[in-house]
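Engineer: The residues making up each chain are set out below.
Number of protein chains: 2
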Amino acid sequence: MNKPTNPTARVARSGGRAARRAARAAPVPEHLRSIHPGMEGGTLKPLTQQDMERIHSSVLDALENIGLADAPQSGIDYLVGAGCILGDDGRIRFPRALVEDTIAKANRSITLFSRDGKTDLELSGNRVHYGTAGAAVSMVDVHGREYRHSTVQDLHDAARIADQLNNIHFLQRPMVCRDIADNREMDLNSIYASAAGTTKHIGVSFSEPDFVDDGLEMLHMMAGGEDKWRERPFVSNSNCFVVPPMKFATESCEVMEKCILGGMPVLLLSAGMAGATAPSTIAGAIVQACAECLAGLVYVNAVKPGAPAIFGTWPFGLDLRTGAMSVGSGEQALLTAGCAQMHSFYGVPGGAAAGAADSKLPDMQAGWEQMCSAVMAGLSGLNMVYEAGGMHASLLGFCHESLILSDDLLGQALRCVRGIEVTDETMALDQIRDTCIGGPGHYLGTSQTLSRMESDYVYPSLGDRTSPKEWAEMGKPDLLQNATARKEEILGVRSAARFDAETDKALRGRFNIHLPS
Amino acid sequence: MNKPTNPTARVARSGGRAARRAARAAPVPEHLRSIHPGMEGGTLKPLTQQDMERIHSSVLDALENIGLADAPQSGIDYLVGAGCILGDDGRIRFPRALVEDTIAKANRSITLFSRDGKTDLELSGNRVHYGTAGAAVSMVDVHGREYRHSTVQDLHDAARIADQLNNIHFLQRPMVCRDIADNREMDLNSIYASAAGTTKHIGVSFSEPDFVDDGLEMLHMMAGGEDKWRERPFVSNSNCFVVPPMKFATESCEVMEKCILGGMPVLLLSAGMAGATAPSTIAGAIVQACAECLAGLVYVNAVKPGAPAIFGTWPFGLDLRTGAMSVGSGEQALLTAGCAQMHSFYGVPGGAAAGAADSKLPDMQAGWEQMCSAVMAGLSGLNMVYEAGGMHASLLGFCHESLILSDDLLGQALRCVRGIEVTDETMALDQIRDTCIGGPGHYLGTSQTLSRMESDYVYPSLGDRTSPKEWAEMGKPDLLQNATARKEEILGVRSAARFDAETDKALRGRFNIHLPS
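The listed protein sequences correspond, in order, to chains R and V. Residues in the first sequence are numbered consecutively from 1, following full-length UniProt numbering. Residues in the second sequence are numbered consecutively from 1, following full-length UniProt numbering.
Among the hints, a few may not be true.
To be verified - As a list, the in silico DSS-like pairs of lysine-lysine whose alpha-carbon atoms are at most 27 Å apart: (1) V:K476 with R:K476; (2) V:K487 with R:K476; (3) R:K304 with R:K247; (4) V:K476 with R:K487.
Honestly, the hints are just simulated from the structure, not real lab data.
If we strip away everything but chain R, and leave its shape as in the complex, we get (with noise of 0.2 Å):
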């Protein structure tokens, strides 16, 4: 049976487990962890330098001749003064010089927030950080294998174990509050339901321009005044800027005025559908998603020059056969990866959507189609990965078992970020001499092995490593049930990101707050 060369052999030599198990209860300083939020990505590139001159190049004549229709007045106001032609058929056109312009005067870097300075993400370059999204409808009940209503309680879940997720940088507003009938209310009880929850950066999603003015007004008492919100915005803004194929989303646009003037980051988000909103090619979808981008991007920055906005190419799939959306497919991982070659070719930070599923629940569909594009979007150097955790039925469900298994799904993923170090040290010449000639034949035992065990390698947390026969022993662990039990140890605590006394007091009496205390 190929004894001697068998590749399945399990190796276990005493002196090297015992050594290991001593390296290992040594604490591992933060510094020298193998992963991190902001892992520079990059060396996925399914397109070329010419195909993002081409494509670039195609975007620039849709914005020239085709423009975008049904900007609101305010907004035609900005851009005409930026340098936007409005014509008699009341789209808004783009001189190519305007583009290019904004272009080169955009915010490069952005900095997102935490509530509390610990988590701060830096978007720059091909920084990777992953985090939730959407605007699920309903909660999956794994064990019951039922879909019911999404609440405000399942979103300040949701936030308390993306808080405890080394691997969730950031909590983008993943469901929409359906118990909450008033969207004023639910839009404000859902800034207050994450907050409560997570002291990480904050996506949310105003429904109309005239809720941002309370949502800023919370948003201020949380921080501690307006001139300390406005020094470390917590809390940024998606804006569904535009209803695809080329045409702004009037009220959006005024709402991401406010939000501009208010201090608040923005994402420009063109959630386009290809096939449907979009063209169904992958190289349409991007042209497309990049052109209104850019319409939003010369907004912006007509609003408040060097206003920070997140580039939110998010091209959907679709499936072609019926018609529906379709977020888990080999052509979403190829419409997302090609986008963030795109934000690093304008050299803007951006942001798009990956690591969802269409299964419905979390099994072996779910665990590959949000590997597939998760692990190609941090490849590709994307600065935010949205919907990265817990999402699935195609952006209709989210599951807090899911989100928790994300963890370790993203925990992999950010090991193939940061790649392969080539240097002296780790090609390991030496090493592999001392091992041969008059050593001990293998590395087991070998400073070099012991002292990477934590800073090169990445350990699941609830993902089964063992044997056959370890795993019967241990009762045949269970994927979905451990990951209940993690969310109910989680959840057993009250959020250590709740406000304090007099500040949640404060908030209950000018806002109805429809979490309990």
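Please arrange chain V on chain R, whose structure you already have, making use of the hints.
Structural biologist: Positioned in the frame of chain R, the structure of chain V alone reads:
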């Protein structure tokens, strides 16, 4: 609730849907299918050119100064004859010029033949093929959650399943027939059970040199004569020709010599475990694997210049906490992707392991583990992605249901390998203009969308994309139960790859065939 701009809204315009249904009803010609065996990867480059040059320099150093021990006498004769130096310490060292010369002269392109000529694999450049491999000792009973000994019937069934899956391009024998006690009979029955189940290219592995003659005799009988076998050898031999670090596997080398002379393509398999039998660093493990495989390449070309040999750098990951193998990690995906780049650097056809899981069952963990390395292997342009279907428990268990599901998983990976086509047509500027200006405002019914419905998109077979509502109406289909149903469907039909009655009678007269007629 952000209605106008909600990216989760489903699009279902009846006109478009009817047109799509009509288009889908037409059969898709093979050449218009969206994915194929042998698509060109190479967009993922975890190593820079400089990294590869440094690695190569270390590799040459290792071969010149450390060399390999334990060659058989025949191997010493071949290698010294080719210009290697046998040291007093028994190690064979490889002068740089000899190694460079071998790389320059080695076979740059290999055809791995199928038995029926329909699925030949052309290994060159960055052409990607996925298939099974391994030496699992257990079968996974998904519904009973049990591991049991693997048998010759299990191997035959795996072959029959692989034969029916478009995205499994070859069958290297993935498991050991533990119901056959005699090693010679096991090897011969592994060939028979595989070939009786699929006409795709087969990989086997002889345990002892003495068994090769019998194996070749069997293959001659299957092919209809030695000349026909040598014209289209449809079985290759997987040779664990080294025992890492840097030792030849004496017996396996003797097997290899016999295979080469018998006209079989060989896989030069170096399966070091990073942290145990190879350095714990990714770069170090790649250096050692490349050194070992280049030693093998010199060996093969000394036996028979230009003989087809697959550069099999298969370093595996290890969980350093326990010393157990781990193949589902990010480190594994990087090891394999880095090796694929080195194959391109050398310009030789290569293979490595990807797509295997540590998880014991086809659950979410298995999905993310399998996809991570499988898609990265493809994106890096690996010619032969071994272990890419059905493999669990760090190579100890094989699962038929998981193999079936890998067809969907690998189809998605292949879509990513295909990448993004950027042409005037795919950038779709005319289509964007016509849709936005005086057009319908969506792309659902455009001729471009309809024509690309099959040629550009990959649809899963068992992967589910229904909405939660449709899913509930369908009775909440279970992925694994559907995989089992598909398995029973495939195994319910007698294999078309079975031999004609006369050949089968002859084979059974000459060899003790365990598989029932």
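Engineer: For each hint, tell me whether it holds in the structure or not.
Structural biologist: Against the structure, the hints come out as follows:
| no. | hint | verdict |
| --- | --- | --- |
| 1 | V:K476 with R:K476 | holds (25 Å) |
| 2 | V:K487 with R:K476 | holds (24 Å) |
| 3 | R:K304 with R:K247 | holds (22 Å) |
| 4 | V:K476 with R:K487 | holds (24 Å) |
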